[in-house]
Amino acid sequence: MANIIAGFVNVLTPVNLLIMLGGILAGIIFGALPGFSATMGVAVFVPFSYALEPEAALLLLSGVYCGGVYGGSIPAILLGIPGTPASAPTALEGRSLTNRGESGRALALCTAASSFGGFMSSLALLFLAPVLAIIALRVGPPEQIMIAVFGLSVVCMLSEGNMVKGLLVGFVSLLLATIGQDPQVGFPRFTFGNLNLYAGVSLVPILIGLFSMPEVFKMLETEGESFVEVASTGKMYLKVTDFTKNKVNLIRSTLIGIGVGIIPAAGPDIASFLAYNEARKSSQKKEEFGNGSIEGILASESANNAVTGGSLIPLLSLGIPGSAPAAIFLGAMYIHGLQPGAQLFTRNAHIVYTLLVGFAIVNVLIFFGGWIFCKFAKYVLVIPKSILATMIVILASVGSFAINKSMFDVMQMYIAGIVGYIMVKNDYPVSPVALALLLGSMLETAISQTVVMYPDNIFIMFTRPYTLVFTALVLISFAWPLISKKIKEKLAAKRSAGNS
Amino acid sequence: MKSRKWDPLICLALAAFLLIFVSQLGKTKPLARVYPTVIIICGYLMIGLTLIQWFINWKKGSITVGEALSKNRTLYIIVYAAVMLVYLLLIEKIGYIPMTIAFGIFSLIYLKCKNKIVIIVLPIVTTFVMYLIFTHFLFVTLPPGLLRGIL
Numbered sequence: 001m002a003n004i005i006a007g008f009v010n011v012l013t014p015v016n017l018l019i020m021l022g023g024i025l026a027g028i029i030f031g032a033l034p035g036f037s038a039t040m041g042v043a044v045f046v047p048f049s050y051a052l053e054p055e056a057a058l059l060l061l062s063g064v065y066c067g068g069v070y071g072g073s074i075p076a077i078l079l080g081i082p083g084t085p086a087s088a089p090t091a092l093e094g095r096s097l098t099n100r101g102e103s104g105r106a107l108a109l110c111t112a113a114s115s116f117g118g119f120m121s122s123l124a125l126l127f128l129a130p131v132l133a134i135i136a137l138r139v140g141p142p143e144q145i146m147i148a149v150f151g152l153s154v155v156c157m158l159s160e161g162n163m164v165k166g167l168l169v170g171f172v173s174l175l176l177a178t179i180g181q182d183p184q185v186g187f188p189r190f191t192f193g194n195l196n197l198y199a200g201v202s203l204v205p206i207l208i209g210l211f212s213m214p215e216v217f218k219m220l221e222t223e224g225e226s227f228v229e230v231a232s233t234g235k236m237y238l239k240v241t242d243f244t245k246n247k248v249n250l251i252r253s254t255l256i257g258i259g260v261g262i263i264p265a266a267g268p269d270i271a272s273f274l275a276y277n278e279a280r281k282s283s284q285k286k287e288e289f290g291n292g293s294i295e296g297i298l299a300s301e302s303a304n305n306a307v308t309g310g311s312l313i314p315l316l317s318l319g320i321p322g323s324a325p326a327a328i329f330l331g332a333m334y335i336h337g338l339q340p341g342a343q344l345f346t347r348n349a350h351i352v353y354t355l356l357v358g359f360a361i362v363n364v365l366i367f368f369g370g371w372i373f374c375k376f377a378k379y380v381l382v383i384p385k386s387i388l389a390t391m392i393v394i395l396a397s398v399g400s401f402a403i404n405k406s407m408f409d410v411m412q413m414y415i416a417g418i419v420g421y422i423m424v425k426n427d428y429p430v431s432p433v434a435l436a437l438l439l440g441s442m443l444e445t446a447i448s449q450t451v452v453m454y455p456d457n458i459f460i461m462f463t464r465p466y467t468l469v470f471t472a473l474v475l476i477s478f479a480w481p482l483i484s485k486k487i488k489e490k491l492a493a494k495r496s497a498g499n500s
Numbered sequence: 001m002k003s004r005k006w007d008p009l010i011c012l013a014l015a016a017f018l019l020i021f022v023s024q025l026g027k028t029k030p031l032a033r034v035y036p037t038v039i040i041i042c043g044y045l046m047i048g049l050t051l052i053q054w055f056i057n058w059k060k061g062s063i064t065v066g067e068a069l070s071k072n073r074t075l076y077i078i079v080y081a082a083v084m085l086v087y088l089l090l091i092e093k094i095g096y097i098p099m100t101i102a103f104g105i106f107s108l109i110y111l112k113c114k115n116k117i118v119i120i121v122l123p124i125v126t127t128f129v130m131y132l133i134f135t136h137f138l139f140v141t142l143p144p145g146l147l148r149g150i151l
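Residue numbers (this note's numbering), protein chains in the order written: chain F, 1 to 500; chain Y, 1 to 151.
Rather than coming from a laboratory, the hints here were simulated on the basis of the structure. Among these hints, one or two may not hold up.
Below 27 Å or equal to it, Euclidean Cα-Cα: the simulated DSS-like pairs (lysine-lysine) are [to be verified]:
hint: 1; chain 1: Y; residue 1: K2; chain 2: F; residue 2: K485
hint: 2; chain 1: F; residue 1: K425; chain 2: Y; residue 2: K60
hint: 3; chain 1: Y; residue 1: K2; chain 2: Y; residue 2: K93
hint: 4; chain 1: Y; residue 1: K27; chain 2: F; residue 2: K488
hint: 5; chain 1: F; residue 1: K218; chain 2: Y; residue 2: K59
hint: 6; chain 1: F; residue 1: K378; chain 2: Y; residue 2: K114
No experiment lies behind these values; they were computed from the predicted model shown.
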């Protein structure tokens with residue numbers, strides 16, 4: 001409790017509040033701009049967080065992350081284009097409300113539900129992450145191997161439909177992670193005589209390049225400025241009955257979001273569709289779904305924002321980044337010298353509790369920040385791509401330089417950007433790169449330590465109960481693409497049955 | 001699994017990339033060699049699987065071509081990427097401020113920004129705002145280049 005109070009005191013300083021608000025607004029802009037994403041926002045903002053204190057840095061990135069997830073719903077309502085797959089149900093319902101001249105009401109509902117879902121998930125994060133971290137206390141090198149493999153098996157989940165390509169990218173990235181001094185004898189390896197590579201490849205510049213540059217190149221693919229018609233934000237208002245009548249729907253959807261968030265890579269899109277489907281099943285006004293249903297918007301938005309807090313639970317306690325933004329978040333933690341796991345909650349309690357409390361405050365602030373932003377959304381959504389692309393290139397270049405004040409890092413960002421674009425164009429997933437670069441060193445160290453622990457027979461490690469648990473999780477994760485496909489097929493079948 | 005037209009070429013490039021690492025294996029300490037060797041073998045296995053999958057899809061005639069870019073568009077992107085590279089290579093010698101302003105103006109014109117005031121004002125304002133943020137708030141000295149001694 002003392003840690004939570006200390007977290008509150010840290011968060012509620014004017015500077016931190018300002019940083020969170022700045023992060024939220026930047027995140028909303030990144031989420032709202034078609035083609036941009038929360039991942040890109042977090043990647044671009046990591047360098048800005050570098051000079052800040054760790055607490056402030058994590059609050060800034062939390063703001064960008066949560067703001068980005070929320071922001072994706074704004075074009076879904078005003079343009080009818082879901083910024084992310086998770087906003088698809090919102091687009092369906094929101095666009096109908098917009099066509100009836102009720103875009104303001106749709107945006108207000110979406111903002112309130114997002115804030116509610118995010119806030120409840122941050123409470124789950126606040127209370128569940130420390131509990132899970134206790135398990136991390138019992139984690140030794142053999143368990144770390146399985147945790148790293150589990151994290152990497154997320155590669156398969158993230159690469160649904162392209163599992164082999166995901167694994168290929170994963171292995172090549174694991175090899176990239178071996179560049180630098182090897183963890184066993186400290187001898188330079190694969191450095192090609194380049195002193196800049198002695199410390200290994202630079203993680204954050206590579207992530208910035210991978211997640212921002214491909215979008216810039218994609219903007220260049222189409223000719224001219226593509227202005228779209230943006231609906232005006234009408235009068236934004238909420239009714240108390242919207243929530244009193246939907247409290248079960250909101251709570252159920254939020255719980256779905258948190259649960260899905262905890263499962264690595266299950267993602268906000270699954271949460272959003274699951275919650276939307278459950279809301280329709282239990283609704284007494286099924287005919288309104290697809291025609292501007294308030295229940296649908298509340299379900300979809302509360303669920304996809306609840307994923308944010310849920311996804312940080314395994315990240316903070318076990319170091320498993322379940323999604324691309326979470327992976328970049330983990331990279332930022334490493335930059336600030338923070339190692340996820342039990343020690344994070346003991347040695348760096350003041351930082352982690354500031355983050356946990358801050359995450360909740362961020363989600364409250366999203367309500368106010370989002371409300372204000374929606375009033376001006378019409379002007380932001382029409383920013384020409386020439387300006388967006390130019391700004392991103394400059395931000396990414398300067399940001400990559402700022403981390404180590406090295407032009408070599410900037411070149412790594414550039415190369416990663418070009419490679420990332422080629423990957424995107426040919427259906428090679430980029431997220432596995434982030435996961436492999438983050439977990440590669442941990443995996444190699446854990447393997448060498450385990451070999452020392454069990455010199456005669458390494459398979460003895462499977463007699464350890466936690467190793468077995470994580471092994472089971474690895475197996476489940478490899479089976480996940482099949483399970484997920486079945487779920488999606490089932491949901492699609494139900495949706496089409498409902499529509500007909 | 002979806003296969004793309006360029007998969008064989010990409011696999012070839014990746015195989016060559018792995019080969020560079022193979023050539024360096026001898027220069028590493030024996031103890032530090034085992035783990036990367038396993039990773040390289042797995043990498044080659046995945047390249048093999050990707051190629052097999054591509055071949056099966058090619059036989060079935062189900063290679064995804066995707067949105068084909070015209071030659072002009074491809075050239076357009078390559079030129080932009082090349083100018084970006086020049087910007088990054090010269091930023092240290094010429095300096096952050098002049099290079100970023102120059103790149104910003106080029107980028108806006110190249111990407112067909114129509115507003116002339118934006119073309120001039122935006123790069124200048126962005127460059128100086130970023131400079132102020134990085135030097136005064138984030139304490140990162142950006143390359144002064146030719147302006148060394150002035151800034």
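Hints, one by one, checked against the model:
1. Distance restraint check for K2/Y and K485/F: the Cα-Cα separation of roughly 15 Å lies within the 27 Å cut-off, and the hinted pair is therefore satisfied.
2. The suggested pairing of K425/F with K60/Y holds, with an alpha-carbon distance near 22 Å, which does not exceed 27 Å.
3. Using a Cα cut-off of 27 Å, the hinted pair K2/Y and K93/Y is violated, with the two alpha carbons roughly 45 Å apart.
4. Of the pairs offered as hints, the one joining K27/Y and K488/F is violated, with about 49 Å between alpha carbons and a cut-off of 27 Å exceeded.
5. For the hint pairing K218/F with K59/Y, the CA-to-CA distance comes to about 30 Å; that exceeds 27 Å, so the pair is violated.
6. Between the alpha carbons of K378/F and K114/Y the distance comes to roughly 20 Å, so the proposed pair stays at or under 27 Å and holds.
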